[in-house]
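For reference, each letter of the sequence shown is one residue, going 1 to 593 in my numbering.
No lab work stands behind these hints: they were computed from the structure.
You may find that some hints are simply not true.
[Unchecked claim] Per label pair, the in silico range of CB-to-CB distance:
#1 Arg514 with Arg411: 40 to 46 Å
#2 Thr360 with Ala518: 31 to 37 Å
#3 Val535 with Glu399: 35 to 41 Å
#4 Ser346 with Pro272: 45 to 51 Å
#5 Ser140 with Thr226: 24 to 30 Å
#6 Arg511 with Ser457: 51 to 57 Å
#7 Ala193 with Val275: 26 to 32 Å
[Said to hold, decoys possible] Straight-line alpha carbon distances no greater than 30 Å define the calculated DSSO-like cross-link-like pairs of lysine-lysine that follow:
#8 Lys276 with Lys365
#9 Lys276 with Lys204
#10 Lys419 with Lys128
#11 Lys128 with Lys153
#12 Lys308 with Lys276
#13 Lys204 with Lys365
Each residue gets a CB set at the ideal place from its N, CA and C atoms; glycine is no exception.
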Amino acid sequence: MVRNRSGAERITAQVTAQAGVPVPQKPGGTDTLQKACGTDTLERACGTDTLVCASVGKQECMPAIAARSRPRAATAVLTAVLALAAVAARAGELSVDRRTLRSDESVTITVSLEGVFAANDAVNVPVKNLSIEGSPSVSSEFSWMNGAVTRRKVFRFTARPLQSGVAVVGPLVVNGQGGQRETLAAITLEIVADTANASNDPVKILHDLLTSGREPLFVVTEVDRTRAAVGEEVVVTWVLYNAAAVEQWQVGNAPRLDAFWSEEVDVRNEQPERVKVGDFEMERVAVRRVALFPLRAGTLEIGGMEVKAQVMRRIDEGPMSLFEGTVVESGFQSAPVAIEAYALPSPQPDLVGDVTIDCTPPLQKGGGPVAFTATLRGRANLRGVPAPRLEGSPGGELEVQPMPLTVQRGREGVTMTRKWQYLVFPAHDGTLVVPPASISIYNPRTSALEVLRCGGSAVRVTQAARPAAQPIRAPLRPPLAWRELLPWGGSIAAVAIAALLALPRIRSALRARREVRALVAGRTPAAVREAVHAVLHQRGFDVNALATEASDRGDAYRAFRSLVDALDRERFGADDSRGELRRRVRDLLASSE
1 MVRNRSGAER ITAQVTAQAG VPVPQKPGGT DTLQKACGTD TLERACGTDT LVCASVGKQE
61 CMPAIAARSR PRAATAVLTA VLALAAVAAR AGELSVDRRT LRSDESVTIT VSLEGVFAAN
121 DAVNVPVKNL SIEGSPSVSS EFSWMNGAVT RRKVFRFTAR PLQSGVAVVG PLVVNGQGGQ
181 RETLAAITLE IVADTANASN DPVKILHDLL TSGREPLFVV TEVDRTRAAV GEEVVVTWVL
241 YNAAAVEQWQ VGNAPRLDAF WSEEVDVRNE QPERVKVGDF EMERVAVRRV ALFPLRAGTL
301 EIGGMEVKAQ VMRRIDEGPM SLFEGTVVES GFQSAPVAIE AYALPSPQPD LVGDVTIDCT
361 PPLQKGGGPV AFTATLRGRA NLRGVPAPRL EGSPGGELEV QPMPLTVQRG REGVTMTRKW
421 QYLVFPAHDG TLVVPPASIS IYNPRTSALE VLRCGGSAVR VTQAARPAAQ PIRAPLRPPL
481 AWRELLPWGG SIAAVAIAAL LALPRIRSAL RARREVRALV AGRTPAAVRE AVHAVLHQRG
541 FDVNALATEA SDRGDAYRAF RSLVDALDRE RFGADDSRGE LRRRVRDLLA SSE
């Protein structure tokens, strides 16, 4: 006899049959099922709307639930395995810490290499509209899990924008062991123009910084004139304004001054001063001062100077804010300044500047040559100026000897003094008329060509001839006895010992000469500058720091840089300058050992 089961019984039987448990025979519908269960609590039958006994819902249904969950668990496991395989197979990751930055900010580029690709000791990240600073920081990681070794290497680069617009990092092609190769996708960045460093007006810069929530720390470029003649002195000062709690600061990138002859002025002894910028009181201090002399006509740009600082930023404005804060990195680059350099009128003068000339009276001592000295002094670049010419024949053979140059560097600029000694060997006895010495200049103060003269007087002389070198002839002597040779033997031994002691210095001098010859011979001035900078970098020196360092090494670098920059603009002839260039390179290398 077949009995029709209720809906609850049929579903219960179906579920329990799938779960592999016996079907309870409890006729009578819901009431009967409640009585059979022995409780007033009924449970849903394995996710259905049919009420069943609690024992069926909690115990007998569990196998059915597990059976129904097996396909989903298998899918999840398969997905996880595929994800792990994808991670293990990938080469790594190319990332940046920000996608939008201002032109004065920096971006950190991170390259993470994994597995067989982590064996690379270096990576070369291609960038557009960015400049990577220095070498990357490198870290390596190793892990051991279930008998498998996982290796990971991370390279971190710091880059700065070149100009506003779009910048691109990558794509980066990396090679792994076993011939594997992967390409990491490129990343696009947006460089936003910074209005603060587009001006040298302190009030405008401070307003822009405070509006954008940045630290009140900036640099401006100050010049005493923006229009000058070729060769005229222009004094440039980079000034730091600060109203922040600065822990420490340093000069970042110093501008290149290739279009100028530069003379550094020491500003370390200048004291900071308190000034009002708008409604704010700020500290003002000179960071660097240079006297520049334009080498050619046209619009010459003086680049901005960057200052990096660590600033203490307050966490809140409470009573303890003076003692609580966090240190943040801050930086600012001043705006460039354009100098209009105009050409000199014809005829071309010997020098440009506001200078004076002075000559000593001619004097003859002991029947020797007639000697006098001509001196130029003033605000001008006297390093390459020719000696004043005599306006006429001196009445004898003339010899001009240059004397050392002296430079006085002050807050207002550079004053140079240069002397020449004139020697006249009279051709006969009597009165010698020494003509005046003269030199042509362009005076920017009067905007006119001038001729400076000094000297011009007569002196009673006796004939004097230039001493000629006479050949030295060894006198004839009889042969020496062996006893007479003993003192000579001692002298020879002493000379040999001295030579042995001096041998290391001689070798060092020869090595330095070979090094200088390799750096200068056959190279253009620009190539010499780059080669010397490479040597200084290998020795651990920062050329930007050397440019302002108050030491013999700093003076040697500034002397080298001024000459090589001038030669790069064809300020002097090659025959007159190569020897001086080698000497300055040798002095710089010797001071940096």
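The hints, checked one at a time:
A hinted range of 40 to 46 Å for the beta carbons of arginine 514 and arginine 411 is consistent with their spacing of about 43 Å. Between threonine 360 and alanine 518 the C-beta distance comes to about 45 Å, which lies outside the given range of 31 to 37 Å. Checked against the given bound of 35 to 41 Å, the beta carbons of valine 535 and glutamate 399, roughly 39 Å apart, stay inside it. At roughly 47 Å, the beta carbons of serine 346 and proline 272 sit within the given window of 45 to 51 Å.
For serine 140 paired with threonine 226, a C-beta distance near 53 Å fails the hint of 24 to 30 Å. One distance hint, 51 to 57 Å for the beta-carbon pair arginine 511 and serine 457, holds here, with the actual separation near 52 Å. Between alanine 193 and valine 275 the Cβ separation comes to about 28 Å, which falls inside the hinted range of 26 to 32 Å. A C-alpha spacing of about 64 Å is found between lysine 276 and lysine 365, which places the hinted pair above 30 Å, so the restraint is violated.
Note on lysine 276 and lysine 204: the hinted pairing holds, with a Cα-Cα distance of about 13 Å set against a maximum of 30 Å. For the hint pairing lysine 419 with lysine 128, the CA-to-CA distance comes to about 53 Å; that exceeds 30 Å, so the pair is violated. Taking the CA atoms of lysine 128 and lysine 153, the gap is near 24 Å; set against the 30 Å cutoff, the hint holds. Among the hinted pairs, lysine 308 with lysine 276 is consistent with the structure: their alpha-carbon atoms are about 23 Å apart, no more than 30 Å.
Between lysine 204 and lysine 365 the alpha-carbon distance is near 68 Å, which puts this suggested pair outside the 30 Å criterion.
Going through the hint list in order, the structure does not satisfy hints 2, 5, 8, 10 and 13.
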